[in-house]
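2 protein chains.
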Amino acid sequence: MDIIDVFLHPKSVAVIGASKKFTKGGFRITTNLVTNNYKGKVYLVNPNADGKLYDLEFKKSILDIEGDVDIAIFYVPNRFIPDLLKDCIKKGVKGAIIEASGFEEVGDKGLELKKKVIEITQNFTKIRVVGPNCMGLSTIDGDSDSEEKEAFLTGFGVFSTFKRGNIGIISQSGMLNGGYLMHLMTQYPNLGFRYSCSVGNKTDLSEIEFLEYMIKDDTVNVIAIYLESFKDPRKFIELCKKAKTMPNKTILLLRGGITSQGQKATLSHTGSMAENARLINGIIKQSGSIQVNSFYELFQYARSFSMMYKTGKTFPKKGNVSFVAGSGGAGTITADLTMKYGLTLPVLEDQTYSVLVNVFPDWMPPNRFAFVDIWPAMEKAMMNNINPGDVSSQVYKALVSDPNIEGIFNMQFCSKQFKGMSNIKEIIKIAENSHKPFYFWLVGDAKEVQRISNQLGKHQIPNFPSLEEMVKNFSILVRESKNTSGV
Amino acid sequence: MDIIDVFLHPKSVAVIGASKKFTKGGFRITTNLVTNNYKGKVYLVNPNADGKLYDLEFKKSILDIEGDVDIAIFYVPNRFIPDLLKDCIKKGVKGAIIEASGFEEVGDKGLELKKKVIEITQNFTKIRVVGPNCMGLSTIDGDSDSEEKEAFLTGFGVFSTFKRGNIGIISQSGMLNGGYLMHLMTQYPNLGFRYSCSVGNKTDLSEIEFLEYMIKDDTVNVIAIYLESFKDPRKFIELCKKAKTMPNKTILLLRGGITSQGQKATLSHTGSMAENARLINGIIKQSGSIQVNSFYELFQYARSFSMMYKTGKTFPKKGNVSFVAGSGGAGTITADLTMKYGLTLPVLEDQTYSVLVNVFPDWMPPNRFAFVDIWPAMEKAMMNNINPGDVSSQVYKALVSDPNIEGIFNMQFCSKQFKGMSNIKEIIKIAENSHKPFYFWLVGDAKEVQRISNQLGKHQIPNFPSLEEMVKNFSILVRESKNTSGV
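Residue numbers (the numbering used here), protein chains in the order written: chain E, 1411 to 1897; chain H, 1411 to 1897.
Simulated from the structure, these hints should not be mistaken for laboratory data.
Where hints are given, some of them may not hold.
Just so you know, same-sequence chains aren't split out, so a pair can sit in one copy or run between any two.
Heads up, simulated DSBU-like pairs for lysine-lysine below, C-alpha to C-alpha not over 35 Å straight-line [as the list claims (entries may be wrong)]:
hint	residue 1	residue 2
1	Lys1868	Lys1882
2	Lys1449	Lys1857
3	Lys1651	Lys1470
4	Lys1434	Lys1857
5	Lys1750	Lys1469
6	Lys1451	Lys1470
7	Lys1892	Lys1750
8	Lys1728	Lys1536
9	Lys1826	Lys1652
10	Lys1434	Lys1720
Isolated chain E (complex conformation) (with noise of 0.2 Å):
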């Protein structure tokens, strides 16, 4: 069976260090499985604790467990690992997720102790490890907010809201499986992750076998990684070659410690060596993988593609994209950023001018390419007491239905006194009925901004906080271009 099912699978797991002390990470641990209902078995071993903890008795050692352990999670100092893994060998156990840092990021000391691993494990034959120096791994089974709620959560971090979805995270920052990934959780509800692992100084298993996994596994459609070195360059090559062939997989990297500043950075972080800039370069370009700059990029796109294979969607192959706006201004800057970023808005067909002629007034006709100022509309049906928000549905449907067009940006002004103007329900009708994608920039009063933002997230349509940023992600979908139509 393979290692990595077991380690984001596993039906038995022992907590090295658990404790009762709230501020200590083993009690953490031990909460964040209980309280998410991870459904095997769970242990507890610290030598120095007694009695119970939610009602799971303390073991001395692992030695004293009964029943079979496949995963151990070590949430102790670095120097008591090497006569414990010993005993987790003697046990048994099939892998080790050791959180402790202080190994080779701290230098000689650390090169010492990580040796003794690698001989008391004889190379990681006896038993694999995901880390040292990592915040564990996540697998999500159901949302915290169902019936169905399940999820095997090993970091330090307590979690209480999460949801399954299709992203899965590879990452030599804990931070991903810790305070940055609860932020992206609670920041966008319907947005769901099936794993997150990360991988510290990856001694045994690394970045390579969790892609792998990940490749195969078809719960997950999007692979979120971030990198401070590569352990197999030609390997992870080959991988992301794979997935890019695959209709419903699509890969994203960060790669820190790009510049000399974060080298040193990373050297301190994960005594990750410095990789020629040159040659970091090349394995990106090889694997075609898709390259970001931040963390808040490398979710943004998380989140855009794994709305699209949700819902779908068909991927946008030329770029040609319509804008609908109640600002004229909106609409000129956005016009500039589809140039900066390749993309086009297109000459209308005549039957969607047609429309649109329609229901523009005389004195301020709609344009003949595909950037629709809406607002003189609106106040032609307002002045001819007709409802405004069929217009603007007559709009939608008209540029849906224009063969041109392959996705819509759309500028929504939410507030509580324009209300009566917005159909937002029928939009969102709309846009689920196509197989082109809706991406939405919503200004005005921040309460109703949210309000929409989550009715919109429900139906898995994306909103951004900047035009830069719905440009950008849109046309990110367009160097993907998936062939997903019909899926």
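Use these hints to put chain H onto chain E, whose structure you have.
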């Protein structure tokens, strides 16, 4: 008296096209004036309305008003404008804000109307005009949540939340005095504005007169400009150069329509003629103003500068910055970003370093350069039953005292479960007592992030949604680098 002063601080205004119907712009403009405590006199003009609105009587014509009228605000269809302007001139009205569209931006018919307006006003010698095709002007005198609440708001989006601040807006997009301004006011409740001027087609008054006024006006420090054309490039350059030499003025410029697609959109928006891209670049370069790429960036930068001026902090000269974080990955990416944006994480002074060595554990010594991954120091403190908050204060105090460090980046993990470890109040105090800017990146639970964001905002300390925004916004301070110390 300066005509712009009359437009921005009028003693009396007439709303031409005032209406009792709440779907009408004329109703909303009146509501804006009355409910936001505009202190001047308000007159309502509408030949088809009877009775009163907000206890104000409707007049059939501006000529029926007994008192003087400084400014007439037009919210009527364009065809009525010539005759109404004649009345205004007869009445001795000093200025007209014309919000209607349908002038040169719609072609020949609109051009004729424009000619008529020029003829009637004798080339604007009889009355000065803002617009047409604009969203009016705003002056904010007192915060909406204070007893001093007072604002002169003439757009047709009704504001209920606003704060007086040191930012002035000059815009060829009405959105910046409408929905987007509302967005900013509610999204950043501590970010204040002084003026917002929507100049529309600028047939008479343009960016030039408003810019000249705001440069002279001591209540404005940051001038955020959005233009689709330059009315008088030579004068614009001259004014920007003047502002550049002043210790308390920063000009930010967003130029729309810089690509061929953008120019097509511009033409249909404000009817502006396309200017040669090389000419535009030349103007921007010569003016020395800071060019931005999107509305979002415009107001992120405006916020950064606004806070610098408000708090009288010292602008960084060299770009030497420190980063305090609880994540090595965030440190690596930030180190990469500092290089991208021309900043440096300098080597620490011996004194600073010795403070860090003292609080860090032996198994994880601190860096010699200014990236402080503070987590191991927190762990050591907890092991020794020391309050981790006290340790973080020590670290911050050492860093602000380091003469090579000009500002501090902070990653703050926001979660109730780690609340005991955070001493955000203490960090805010240190930041307030220092003349060096503190920039925050908040991660963690979205609600806690919002709470701490508000807390920081109240103290004029900015936080950013991404590491890249944080680094970019600091680098722009280095570029401007005013001599404000001691202001």
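Against the structure, the hints:
no., hint, result
1, Lys1868 <-> Lys1882, "both (22 Å within a copy, 33 Å between copies)"
2, Lys1449 <-> Lys1857, "between (39 Å within a copy, 29 Å between copies)"
3, Lys1651 <-> Lys1470, "neither (48 Å within a copy, 75 Å between copies)"
4, Lys1434 <-> Lys1857, "between (38 Å within a copy, 24 Å between copies)"
5, Lys1750 <-> Lys1469, "neither (62 Å within a copy, 52 Å between copies)"
6, Lys1451 <-> Lys1470, "within (17 Å within a copy, 83 Å between copies)"
7, Lys1892 <-> Lys1750, "both (22 Å within a copy, 32 Å between copies)"
8, Lys1728 <-> Lys1536, "neither (53 Å within a copy, 54 Å between copies)"
9, Lys1826 <-> Lys1652, "neither (49 Å within a copy, 43 Å between copies)"
10, Lys1434 <-> Lys1720, "neither (38 Å within a copy, 42 Å between copies)"
Of the numbered hints given earlier, the model fails hints 3, 5, 8, 9 and 10; all others are met.
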